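S.K.: The task is simple: from the sequences and hints, build the whole structure.
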Amino acid sequence: MKRMTQALAITLALFPAAQALAETTAIDVRKTNGCGCCLSWMNHLEENGFVPTGQDMFGGSLVRFKLDNGVPQRMVSCHTALIEGYVIEGHVPAADIRRLLDERPDAVGLAVPGMPYGSPGMGPEDDREAYDVFLIRKDGSTEVFSSYAEG
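Heads up: the sequence shown is residues -22 to -1, 1 to 129, going by mature numbering (1 follows the signal peptide of the UniProt record, and there is no 0).
The set of hints was computed from the structure by calculation and includes no laboratory data. All figures in this text were calculated on a predicted structure; none of them were measured in a lab. Think of the CB as a built atom: it goes at the ideal place given N, C-alpha and C, for glycine as much as any other residue.
Derived Cβ-Cβ restraints for the label pairs, each shown as a range:
1) Asp84 with Gly12: 35 to 45 Å
2) Gly27 with Gly63: 10 to 20 Å
3) Glu121 with Phe36: 24 to 34 Å
4) Gly38 with Asp80: 31 to 41 Å
5) Arg42 with Asp105: 27 to 37 Å
6) Phe36 with Ala127: 32 to 42 Å
M.R.: Shown next as structure tokens:
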């Protein structure tokens, strides 16, 4: 009985670590070389349990990559990421990526077009401009997935 109690204690002690490990999710980020906001966004992802890897691409190749992966021209931002079959375009907050992965809609992915000030990687959140995160449907249409008020 004592051994069983010890085993249970060890299992419970390790549970948070196992849970944290399970919450880490790889994400492949395509960006241009030396883009500071892209690196800041990748840091935001890391701080929220993702494991980002970056791949630098030249401007024209990156634009082609975006279009080839279903990002409508009106939704384009500075970097594009791939995660579990979805495309993430621009400064999408980690919480919205988690929600996308939890809900698994039939969609291309998420986008924050442009580079809104105060979005992850683009300056302080408490001084942000209002912006929307869009769900990109497979037919190219979009709808608001979440909204962030001015900070």
